[in-house]
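*Asks:* Line order of the protein sequences matches chains C and V.
Heads up: the first sequence at position 77 corresponds to 77 in the working numbering, and the numbers run straight through without jumps.
All you need for the working numbering is the position in the second sequence, starting with 1, plus 1000.
What the hints contain is simulated information worked out from the structure, not anything from laboratory work.
Note that the coordinates shown come from a computational prediction; the quantities given were computed from them, not determined experimentally.
The beta-carbon is built from N, C-alpha and C at its ideal position, and this holds for glycine as well.
Careful, some of the hints might be misleading.
[Stated by the list, open to error] DSSO-like mimics (lysine-lysine), calculated; alpha carbons at most 30 Å apart, straight line:
| no. | chain 1 | residue 1 | chain 2 | residue 2 |
| --- | --- | --- | --- | --- |
| 1 | V | K1045 | V | K1082 |
| 2 | V | K1082 | C | K3 |
| 3 | C | K163 | V | K1014 |
| 4 | V | K1045 | C | K3 |
| 5 | C | K105 | V | K1082 |
| 6 | V | K1045 | C | K59 |
| 7 | V | K1006 | C | K163 |
| 8 | C | K163 | C | K59 |
| 9 | C | K105 | V | K1014 |
| 10 | V | K1011 | C | K59 |
| 11 | C | K163 | C | K3 |
| 12 | V | K1082 | C | K59 |
| 13 | V | K1006 | C | K105 |
| 14 | C | K163 | V | K1011 |
| 15 | C | K59 | C | K105 |
| 16 | C | K105 | C | K163 |
| 17 | C | K59 | C | K3 |
[Claimed, not checked] Listed below are several chain C residues computed to face chain V (Cβ distance under 7 Å; list not exhaustive):
| no. | residue |
| --- | --- |
| 18 | R7 |
| 19 | P37 |
| 20 | F79 |
| 21 | V109 |
| 22 | V113 |
| 23 | M131 |
| 24 | A133 |
| 25 | G144 |
| 26 | T159 |
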Amino acid sequence: MKKITAREISILGIMLAAASIVFLIESLIPPLLPVAPYVKIGLANVFVLLVIIYYGAGKAFVFVLAKNLLTGLISWSGFAIVFNLAGSMCAYLIMAGLYAAVFPKVSLVSVSVAGAILSNIARTSVAVLIMEAPSLYVQLPFVGGFSLAAGIIVGILTTLCVKHLPERLTNVK
Amino acid sequence: MNRDEKIDQIKRQKYFVWGDVAVFAAALLLIVFFVLVAFLTPKEKGDTFYVFYRGEQIFSALLDTDAEYIFYIENGEGIVEKYNDSNGYKSYNRISVEGGTVRVSGADCPDHTCEHLGAHSWGEIICVPHDLRIEIRGKGLETDV
């Protein structure tokens, strides 16, 4: 990882704050999928994707860990931290991997869709493991369909940000 | 392709490209696989529900009679009894049995996930904050617990 500049730290700090606020607002919204209430759109993944794009996978890994630590400290709840950490780490791994390996053969929307699906499968798996309730896997068709839609939303929002954000906000040099 | 070239590519690229077809096809195949697994999973209606606290079975009752029960935690122990509105319960889940189904109709846990899971006649209902699991079993799914 290259030496990080003061400008990079300040931009990453602002993005971390924004991602945490979006995450906390999203957690206040009642479950959009009542049969599997622990799955979510994951709007904060817009910021994770932006960090992957502008700063690279290494800094994005630290960003994801910091976001989970920060949101975990604010909404202190042990089980929620496990759900969110599993979901966001899986989303990060697949998104960083696909972006490095197959972009631009696939669009950011596809990268985001893969992240959303894996993230919500991970969250369902955590629920199954914690509660020893394998029947929860029956919810996966709904979880998969919901994640597909959520990934498209996050992917389009991220693409819009890259296309339209002023360069003075995104130029890290 | 370096980072700046990829950013330029995103700016020029449309929202969807032909390569997305492969990713969306894989996603749809995965969903179809999940649907098949869900359909192939035995879903025989249960006749009894079992309440587990911290992995230990603490209560069971038949689903053929409509009733209301209360699960609450007292001195680290999970207790289930008939619901009595006059008691001020803490760390509780109200369990309602109606028409052969069971659901959590009220709880003071922080996320109320168990309530959103709705009424079930098979499978499980979980409340992670209270470490509570309600399992519904029928004759076809009977095991030696």
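*Asks:* Each of the hints needs a verdict: does it hold here or not?
*Replies:* Taking the hints in turn, this is what the structure says about them:
About 24 Å separates the Cα atoms of K1045 (chain V) and K1082 (chain V), which keeps this hinted pair within 30 Å; it holds. Distance check on the hinted pair: K1082 (chain V) and K3 (chain C) sit about 64 Å apart at the alpha-carbon level, beyond 30 Å; violated. A threshold of 30 Å between alpha carbons decides the hint, and for K163 (chain C) with K1014 (chain V) the separation of about 10 Å falls inside it, so the pair holds. Of the pairs offered as hints, the one joining K1045 (chain V) and K3 (chain C) is violated, with about 61 Å between alpha carbons and a cut-off of 30 Å exceeded.
At most 30 Å may separate the alpha-carbon atoms for a hinted pair to count; K105 (chain C) and K1082 (chain V) exceed this at roughly 61 Å. In summary, the hint linking K1045 (chain V) to K59 (chain C) is not supported, as the alpha carbons are separated by about 50 Å, beyond the 30 Å threshold. Only pairs whose Cα atoms come within 30 Å are accepted, and K1006 (chain V) paired with K163 (chain C) is accepted, the gap being roughly 12 Å. Of the pairs offered as hints, the one joining K163 (chain C) and K59 (chain C) holds, with about 22 Å between alpha carbons and a cut-off of 30 Å not exceeded.
Pair hint K105 (chain C) plus K1014 (chain V) holds up; C-alpha atoms about 12 Å apart against a cutoff of 30 Å. Simply put, K1011 (chain V) and K59 (chain C) have alpha-carbon atoms about 22 Å apart, close enough for the 30 Å limit, and the pair holds. Taking the CA atoms of K163 (chain C) and K3 (chain C), the gap is about 27 Å. The hint holds against a cut of 30 Å. Restraint check for K1082 (chain V) and K59 (chain C): the C-alpha separation of about 54 Å exceeds 30 Å, so the hint is violated.
Distance hint between K1006 (chain V) and K105 (chain C) is fulfilled; the C-alpha atoms sit about 11 Å from each other, no more than 30 Å. As the CA atoms of K163 (chain C) and K1011 (chain V) are separated by approximately 5 Å, the hinted pair is consistent with the 30 Å bound. Under the criterion of a C-alpha separation no larger than 30 Å, the hint pairing K59 (chain C) with K105 (chain C) is consistent with the structure, at around 24 Å. Restraint check for K105 (chain C) and K163 (chain C): the C-alpha separation of about 18 Å stays at or below 30 Å, so the hint holds.
For the suggested pair K59 (chain C) and K3 (chain C), the alpha carbons sit about 11 Å apart, so the restraint of at most 30 Å is met. The interface hint given for R7 (chain C) is violated, since its Cβ lies 16 Å from the closest Cβ of chain V, which is over the 7 Å cut-off. About 4 Å separates the beta-carbon of P37 (chain C) from the nearest beta-carbon of chain V, less than 7 Å, and the hint is met. Interface restraint check: F79 (chain C) against chain V, minimum CB-CB distance 5 Å, threshold 7 Å, status holds.
A cut of 7 Å between beta carbons decides the hint on V109 (chain C): the least distance to chain V is about 6 Å, and the hint holds. For V113 (chain C), the shortest C-beta to C-beta distance to chain V is roughly 6 Å, which falls under 7 Å, so the interface hint holds. A hinted interface residue such as M131 (chain C) counts as satisfied when its beta carbon comes closer than 7 Å to some beta carbon of chain V; here the least separation is about 4 Å, so the hint holds. For the restraint placing A133 (chain C) at the interface with chain V, the shortest Cβ-Cβ distance is roughly 4 Å, inside the 7 Å limit, so the hint holds.
At about 4 Å, the closest approach between the beta carbon of G144 (chain C) and any beta carbon in chain V falls short of 7 Å, and the interface hint on this residue holds. Evaluation of the T159 (chain C) hint against chain V yields a held restraint, the C-beta minimum of about 6 Å falling below 7 Å.
Of the numbered hints given earlier, the model fails hints 2, 4, 5, 6, 12, 18; all others are met.
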